[in-house]
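> Below, each chain spelled out in residue letters.
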Amino acid sequence: MRDVAVIGVGMQKWGELWEKSTRDIFVESALLAMDDAGVDRLDAMYVGSMSPGIFASQEHLESLMADYLGQKHIPATRVESACASGGLAFRLAWLAVSSGISDVVLAGGVEKMTDVSGGQATHALATAADMKWEGMSGVTFPGLYAMMAVAHMAKYGTTRRQLASVAVKNHDNGLLNPRAQFHLKISIDDVINSVKVADPLNILDCSPITDGAAAVILCPADHVKKFKKPGVKVIGSGHATDTIALHDRADLAALKGVGEAAARAYKMAGKKPEQIDFAEVHDCFTIAEVIVSEALGFFPAGKGGPGAEAGETARGGRIPINTSGGLKSKGHPVGATGIAQIVELTEQLRGEAGERQLKKARVGLAQNMGGSGGTALVHILEVM
Amino acid sequence: MPPARSWRAYPQTYRLEAARCTKCGKAFYPPRLVCPECHNRTFETFAMKRTGKVVSHTVIRTPASAFSALQPFAVGIVEMDDGPRLTVQIADVKFEELKIGLPVRLEFRRIFSEGESGVIQYGHKAVPIRQ
Chain A
1487 MRDVAVIGVG
1497 MQKWGELWEK
1507 STRDIFVESA
1517 LLAMDDAGVD
1527 RLDAMYVGSM
1537 SPGIFASQEH
1547 LESLMADYLG
1557 QKHIPATRVE
1567 SACASGGLAF
1577 RLAWLAVSSG
1587 ISDVVLAGGV
1597 EKMTDVSGGQ
1607 ATHALATAAD
1617 MKWEGMSGVT
1627 FPGLYAMMAV
1637 AHMAKYGTTR
1647 RQLASVAVKN
1657 HDNGLLNPRA
1667 QFHLKISIDD
1677 VINSVKVADP
1687 LNILDCSPIT
1697 DGAAAVILCP
1707 ADHVKKFKKP
1717 GVKVIGSGHA
1727 TDTIALHDRA
1737 DLAALKGVGE
1747 AAARAYKMAG
1757 KKPEQIDFAE
1767 VHDCFTIAEV
1777 IVSEALGFFP
1787 AGKGGPGAEA
1797 GETARGGRIP
1807 INTSGGLKSK
1817 GHPVGATGIA
1827 QIVELTEQLR
1837 GEAGERQLKK
1847 ARVGLAQNMG
1857 GSGGTALVHI
1867 LEVM
Chain B
278 MPPARSWRAY
288 PQTYRLEAAR
298 CTKCGKAFYP
308 PRLVCPECHN
318 RTFETFAMKR
328 TGKVVSHTVI
338 RTPASAFSAL
348 QPFAVGIVEM
358 DDGPRLTVQI
368 ADVKFEELKI
378 GLPVRLEFRR
388 IFSEGESGVI
398 QYGHKAVPIR
408 Q
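The listed protein sequences derive, respectively, from chains A and B. Numbers given in the numbering used here equal positions in the first sequence, counted from 1, plus 1486. Numbers given in the numbering used here equal positions in the second sequence, counted from 1, plus 277.
One chain only, chain A, in its complex shape:
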C-alpha cells in the first residue's frame, strides 16, 4: 500500500443551475481540479452519482463523463452508494492509487436534481431507504431523521433550540463560502418557526435540493513534488454499513455504522478524536450533525446538542464542524457531497480557505453517509 495525497480540487458554485446539464457541471468542476493539480491526463476516474437515472434519465455516467472530459479510453467507474456516493468514489480512488494500479486518479461526484419536481426528487431520494419495508409507509428521508430526532430527544433531552443552532451555525459558515447555494443569515427563531416538513424537523432543519459537482485529484504521496501545489495526505479511510432500515436498529438515537467507519479511519491514521482540528460532516438534517458528532467521538452520546448550542462546533469553537456551510447551506447534490467535503478539507489544510480559514488546520476529518446511515465513510487528511 502506497501513501496517497490529494493534489488538486475543483468545485463550481452550487445551486439551481437551470442553464447547465449534468455533464456540464461535472466537466467544469473536473477541469478545475485538473488545472489546480496541473494535470491534463488521468489514469482512472471514479464518479459518485446516486440517481442520474431518475434525476436526468441517464445511466452509464462513467462513459459519458470520461468522454466529455476528453479522457479517451481511461478506466472510469460510476459509484452509487446513495448520499455517500461521493465519499465512496473518493475511497475507491484512494484504493486505486494506494494499490499501485494507477498514479493520477480523479474522484468526482455529481447530481443534477432540479430537472424533476419536488415530489419526484423526494421519491428518488427515498429509494435509498428500504423501498418495500420502509417506503410503503410513505415515510420520507426527513421523516426517518425526524424519528431519530424524537428518539434522541426522549433519550437525552436534546432540545428543538439545540437542533436549530446547528442550522444557524452552518448558514453563518455558508455566508463565507462563495460556492454555497445559500448566502442567508438565519436565527434560531427562523428555524423553529419555519414550515414543518416532518415533525419535529422544519424546512430550515433540512439540506436543500441542489445541482452541483465537485472533483479532486489523487496521486502517490511521493509524486507530489511533480505537481503545482502542496499535497495533503490521506492518512485514514474507513467504510462501514448498517441495516438498510432504520427500524432494524436497536438504538434509534445512534449511528453505529458511522462509529464503525470512524473507528477504522482513526485506527489507520493513528489518531484520536481529540487530535482532529476540524471536520466536515453529513448534516443532511440538523439532527444528523448532532448524532454524527457523537458517533465520531467529538462529544459523548447525548452531548452533541448542548455542544452545538454552546458554540463548540462553530469556527472559533473547540472542534469546528462544517466550515464550508455543510450540506445545509452549501447545498446537497447527493453524489457530489462527499467529494465537496474533501475539497473543503484540502483548502483548509493548504491555507486557501479565504475568509473561512481556520487558524489551526493540520488534521481534518470528512464524514459522509448514505440513507439513514446504512453506509458510512470517514476520511482523515493531514498536511504533508
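Be aware that a few hints might be false.
What the hints assert, rightly or not - Straight line, CA to CA, 27 Å or less: simulated DSS-like cross-link-like pairs of lysine-lysine:
(1) Lys300(B) to Lys1742(A)
(2) Lys1757(A) to Lys1715(A)
(3) Lys303(B) to Lys330(B)
(4) Lys1789(A) to Lys376(B)
Stated by the list, open to error - Computed footprint of chain A on chain B, listed as stretches where at least three residues anywhere in the stretch have a Cβ under 8 Å from a Cβ of chain A:
(5) 334–340
(6) 356–367
None of these hints come from the bench; they were simulated from the model. For clarity, every value in this text was computed on a predicted model and none was experimentally measured. By construction, the Cβ of each residue, glycine as well, lies at the ideal position given by its N, Cα and C atoms.
Knowing the structure of chain A, use the given hints to seat chain B on it.
Coordinates of chain B only, in the frame set by chain A:
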C-alpha cells in the same frame, strides 16, 4: 407497482408472516434467508400478533408524489409484541396523541391507489388501542 412485486409479498403484507430463527430465536419481519445474529439458515414461519407499541414517530407533511393525497399523515416505528419492528403509518390518531410507548394494533388498510386505473395497494396501518 408491478403485480408480481405486490403478490409475492402477500404472506407478509396480508398475513403478517414473520420468521423465527431456529437457533437463536430472534424473529424477523420480513423473513430472511440467513440470520444476521447467528448466521443460521433455518427459520420457522409464524403469523405475528397484531399488537405492539410505538418506539418513534413523526408527521409527514411533504410526502413523495404517490402519498400526496394523504398529507399530512403520521408515521411511526412500531415494535411488535413478537419482537420485529416495522415502519408504518399511524391512522385514526390526533397528532398530539403521538408518543413513544403508545400501544397500537395493526389493521388491514388501503395504502394508496396508483395510475389511471387506480390499482389499490393494501397493507397494514397502526391504530392506537384506546382503553
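> If a hint holds in the structure, say so; if it doesn't, say that too.
Cross-check of the supplied hints:
no., hint, verdict
1, Lys300(B) to Lys1742(A), "holds, 25 Å"
2, Lys1757(A) to Lys1715(A), "holds, 25 Å"
3, Lys303(B) to Lys330(B), "holds, 18 Å"
4, Lys1789(A) to Lys376(B), "holds, 23 Å"
5, 334–340, "holds (count 7)"
6, 356–367, "holds (count 5)"
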